[in-house]
Every structure is written in C-alpha cells, then in structure tokens.
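Number of protein chains: 2
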Amino acid sequence: MSTSSDCKVVFTEEQEALVVQSWNIMKKNSADLGLKFFLKIFEIAPSAQKMFSFLKESNVPLQHNSKLKSHAMAVFMMTCESAVQLRKAGKVTVRETTLKKLGAVHLKFGVVDEHFEVTKFALLDTIKEAVGEIWSEEMKSAWGEAYDQLVASIKAEMKPSSY
Amino acid sequence: MSTSSDCKVVFTEEQEALVVQSWNIMKKNSADLGLKFFLKIFEIAPSAQKMFSFLKESNVPLQHNSKLKSHAMAVFMMTCESAVQLRKAGKVTVRETTLKKLGAVHLKFGVVDEHFEVTKFALLDTIKEAVGEIWSEEMKSAWGEAYDQLVASIKAEMKPSSY
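Sequences listed follow chains X and V, in order.
Per this note's numbering, residue -16 is the first one in the first sequence, and the count goes up by one each step.
Per this note's numbering, residue -16 is the first one in the second sequence, and the count goes up by one each step.
These are computed hints drawn from the structure, not numbers from a lab.
One should not assume that every hint holds.
Each pair may be met inside one copy or between any two copies, as identical chains are not told apart.
[Stated by the list, open to error] Each computed DSS-like pair below joins lysine-lysine, with the alpha-carbon atoms no more than 25 Å apart:
1. Lys111 <-> Lys23
2. Lys33 <-> Lys123
3. Lys103 <-> Lys23
4. Lys52 <-> Lys74
5. Lys23 <-> Lys123
6. Lys142 <-> Lys84
Produce the complete structure using the sequences and hints provided.
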C-alpha cells in the first residue's frame, strides 16, 4: 500500500471542479509555472537551494538552470495532477514515482514542516497568479486541501525504517 | 560587547535615506503593520505559531489577539529602528533589549535559518504594501541588507554557552 494514503480522503465535487478548472488553464504552461513556483520557494527561503545537488554544482542563474526547470515542471505537474485525481482515485496518487520514494527522498534531505509550508504558500501564490480573475477563496481552499493531503501521504512515508 | 555586531557594517547613505524615507511613512501605523507582518509570517509558515506561548494559551483569532498585537508591534519597531540607526550607530542596535537576550530567546525556541528567511520575506512584503508607489528594488535591497545585519548580530549571540 506504499503508493496510497491511509487517511480517509475528503474532497468534495465542488473542490474537484475548482481544481480541474484551474488545472485546465495552467497545464499548457507547466514549464513556466513550475519554474515560477520554485523561484518563489527560493525567494522566500533561499537556504532551501542547498537541498538540490544540481544547484550546488552550477553557477548558472536559477531561472536559466535547465535541471531546475525540468525538476520544477515535474514537481508542479505531479502536485497538480495529484489534486485533479484525488476525488476519483479516492486517495493520493503520484505519477512517475511512488509515495514511498517521495517519503524517502524528503527524509534524506531533511525536509521539515516549515519547508512543506513555504512550498504550499508558493504553490497557492503561483496558481493565483496563473488563473487570474477566477481565483477565489474556495479555489485556494481546494488546492490547499489537496496539497495538505499530498503532504500527509508523503510524511506518512518519511520514516527512517518500516516496522 | 554583547549588544553590538562584530561584523563591519556596510550601509550606504543612499540605503539609509531609503530606509528613513519609508520608516517615516510607516511608523505612525506600527501597530497595524506589525500585526500584518506577523500574520504574513503565519500565513507562510503556520507552524511558527507554536513558538509563541501566548498563542498556545488562547483561542482568540490571531488578528484579535492583543498579546500578539503588542509583541508584533514591538518586533516591527525594533527591526525598523535598527535599520534606521544602522549607519549612524555603525552597528546593529536594538531597543528595550539586548542582542544577547535576543540571541538567547531565538536559540531557546529553536529558530533556524528558514524562520529568519520567511520573516525577511514577510517584512519586505509588509513594507512594500505599506509604502506603495515609492517601493523600488533599491529600497527592497536597503531593508534586506539592514535585516540581514540584524539577523547576523542575533545569530552571533545564538550560542549554547559563551566561550
């Protein structure tokens, strides 16, 4: 059961509709938005850069770092698609990896609550800017809920060893 | 020498002028701006609330918590006045306390780089909103530099014991 969340998923039809509506606007721009998302994380918390080995090895400005671009796009798509699929799947699902692997890598790099929180703020701010006038408190809350469930699923796998 | 920074202070006349100009606009609203500043910190990093004992004891919404209001105003004024005085004093100075006490309390509550970073982001965003049209990259940089020097001085006193 390593790729599914143990928490009971509560995500309403209205929340799903808001997430789907905004994702339909954003997905064609996943590369740009993913990069914006990560640049915002690093603007708020510059020290988070040290968690990414491909940034340590490079002197290229962040916004031109091709490894950051592709990583950021993948994370952004994974996060958004997890939200889009949350209600139908009835659980948190991630593409191209498993929650077990995500748990292990977040544990390895010392990710703590504060990092997940800054990332949530940056994600919501990125979506807000991307969707423009259709942004609302309800949409913010829907994305926030989906993100919280993704994080809860990752944290559930952030254990030094399995019992 | 516990209340002064050991770092050589580099803060230009231009930076001082930008900080003074914006502080003159803000200081009469220190209560409101201080609260905005802290609400922004908690919006970005909700878990930071657990560092404040007066928040744990209370069920009042954050924006109506009188202890938070007075604490936030004091921190905001201390931070801004430290910036305003930086050039003339030639070192980081803080009102109503000492850097040694600030170092001890930040150490006690487990403040790490990420907290100082989120606080910097929230401070700059609060000032940006407060000063309106006169905001500029140079003003951002002046406040950022003054904040960094304050943090460096606090961190210099964040030692479990003195040697």
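Status of each hint after checking the structure:
1. Lys111 <-> Lys23: both (13 Å within a copy, 17 Å between copies)
2. Lys33 <-> Lys123: between (29 Å within a copy, 24 Å between copies)
3. Lys103 <-> Lys23: both (11 Å within a copy, 14 Å between copies)
4. Lys52 <-> Lys74: neither (28 Å within a copy, 41 Å between copies)
5. Lys23 <-> Lys123: Classified as both: same-chain Cα gap 17 Å, cross-chain 16 Å, threshold 25 Å.
6. Lys142 <-> Lys84: Within. Shortest intra-copy distance 11 Å satisfies the 25 Å Cα cut-off; inter-copy 37 Å does not.
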